[in-house]
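Chemist: Assemble the whole structure, with the sequences as input and the hints as a guide.
Protein chains: 2
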Amino acid sequence: MRKIRKEKKEIKKTFNRVAIIGLGVMGASLGMALKKGKIAKNVVGFARRLETRKKALACKIVDIACDRIESAVHGADFIVFCAPVSVIPGMIKSVAGGLLAPGAVLTDVGSVKNKIVVEAEKILYGCKSEFIGSHPIAGSEQHGLEAARADLYRGAVVALTPTPCISGRALQIAREFWRALGAEVVVVGPEEHDRIIARTSHLPHIIAALLAGCVGRDHSAEYGKFCGGGFRDTTRIAEGDPELWHDILENNTLYLKKELEAYQKELKKILGGLKKDKSKIIKKYLKLGVEGRHSLLSNQNTGSASRFFSNG
Amino acid sequence: MRKIRKEKKEIKKTFNRVAIIGLGVMGASLGMALKKGKIAKNVVGFARRLETRKKALACKIVDIACDRIESAVHGADFIVFCAPVSVIPGMIKSVAGGLLAPGAVLTDVGSVKNKIVVEAEKILYGCKSEFIGSHPIAGSEQHGLEAARADLYRGAVVALTPTPCISGRALQIAREFWRALGAEVVVVGPEEHDRIIARTSHLPHIIAALLAGCVGRDHSAEYGKFCGGGFRDTTRIAEGDPELWHDILENNTLYLKKELEAYQKELKKILGGLKKDKSKIIKKYLKLGVEGRHSLLSNQNTGSASRFFSNG
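Going down the list, the protein sequences come from chains F and R.
Per the numbering used here, residue 16 is the first one in the first sequence, and the count goes up by one each step.
Per the numbering used here, residue 16 is the first one in the second sequence, and the count goes up by one each step.
It should be emphasised that the hints constitute simulated quantities derived from the structure, not laboratory data.
Don't take each hint at face value.
Since copy identity is lost for identical chains, a pair holds within one copy or between any two.
To be verified - Within a straight-line C-alpha distance of at most 25 angstroms, the following computed PhoX-like cross-link-like pairs (lysine-lysine) qualify:
id	residue 1	residue 2
1	75	56
2	283	299
3	108	137
4	272	283
5	291	51
6	108	143
7	272	290
8	53	75
9	284	50
10	130	143
11	143	299
12	295	130
Modeler: Below, the structure is given as structure tokens:
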């Protein structure tokens, strides 16, 4: 008990200087929320493009806008990388050599965790700063600073993916950060995260893209009139930035492939069933769909312990 | 030109007595819209359950609520069957023998057209009433009278599926009916309708159910926290009434099977590609998804002629 109390004492409810590296929809929403909630004394943002920096300042998304990552992280106690998964390790490398404030906690918002975490820990080995992976289960099919919303993280689940190397202090700081934004934190290992998220997010994404491509494969003009709300919803996420999603999926193909194979097996069963007893097979899969959705979504707001992760 | 003008003269902008057979979400929304828009002098509804009839009267969805179809259709100039696809032919049969007002136009709101149209024309052969299939591309994953909305049909596309047996007068009446509700009418043959709708609606429905079932196949409590807006949207239609959708899909398995086979072929290509050049295959299908969705949805509001159907 004493240890936990001690940890809690160390936590600052207000962060001194938070650096956001990348001001797309995720980063800009984070800046908005931090400023609105007065969670950080200073919010510093990095964006490569001058126009983005100008807009971020004009819209009061950040207090300071930097054109170099090195300047943005200077003196920051909390740093969030809001950039594509495969870009983040290079970014961490660029600031790892003495530019980070001692005790600074680094995190990100990427949808794949194991690769980033492994590389970040290698880069920061021996440093006085720690990287702990974050994945907010929140987002938008729109992209860019213009799509930012101050409430993007409110009520969202944020997966925190510490390894055994991560200190309790760093975990607690990251947990407090997301909680201050109104998110619910769950703690899970990076590899386990990638396995789960392949099923709940990466599979639906590729399926939505495949479906949109299949329905729109020819004579699109004719078929368009017959596309209703069902098609629109089912394929909405297919509008997500293909570059960004390519980067995500490419970094989790091992688990994505496993999920696609399981999915393909079920699809085969449906097609086989349509040839034999169509009524039975259709009924079966419609029922499984309703049951699957209910069991997943009705359990979203429970805090039950599980063998996969603990609620943070 | 003279013929068309003559046809137009015959059209009543206000219907005298519209009968709605079935007061679920589709039928009740229709009643609401007819009464709100003062499109019919009298709206008569049929519902088997006393509670539904009471609610329909209390919520001013209908003027008269009947417990027998025979009473509901009495004296009606326009009759809309808002019941499951496979139930409709039996309903038409029950009123075909002299109960219908001469010149009455019958239609429905079913998602499959060929079977209904063929059976209805057989039943009504020699009668002074005609059946013309309608399919409003509108709906809700919710069901029952409680989910009804007066604006359900506003802005929706309604496919009208006349056969060569249908008179210009009946087609025009049906067209005016849906237009009065604010819908856009497209005219297409029943068989062609079923072929197109298998791709744009029935395929997405079974895919959404399959996906929800796959993601929720085990350890659902653990996976639920990792289901975000993407999963929720992609599988929303899987919440649709399984009984109703079973009825729809079972009546269009020929085309649904063709669509599922085409879809399976593409899925196989993705899985094959993940083993060879994962980056290339992911990029390709994400791009096809965006392009497919854009081409379908950007063409929804154009009135261009096509080889499949004409704008009504």
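Chemist: Hints the structure violates: just list their numbers, smallest first.
Modeler: Failing hints, ascending: 5, 9, 11.
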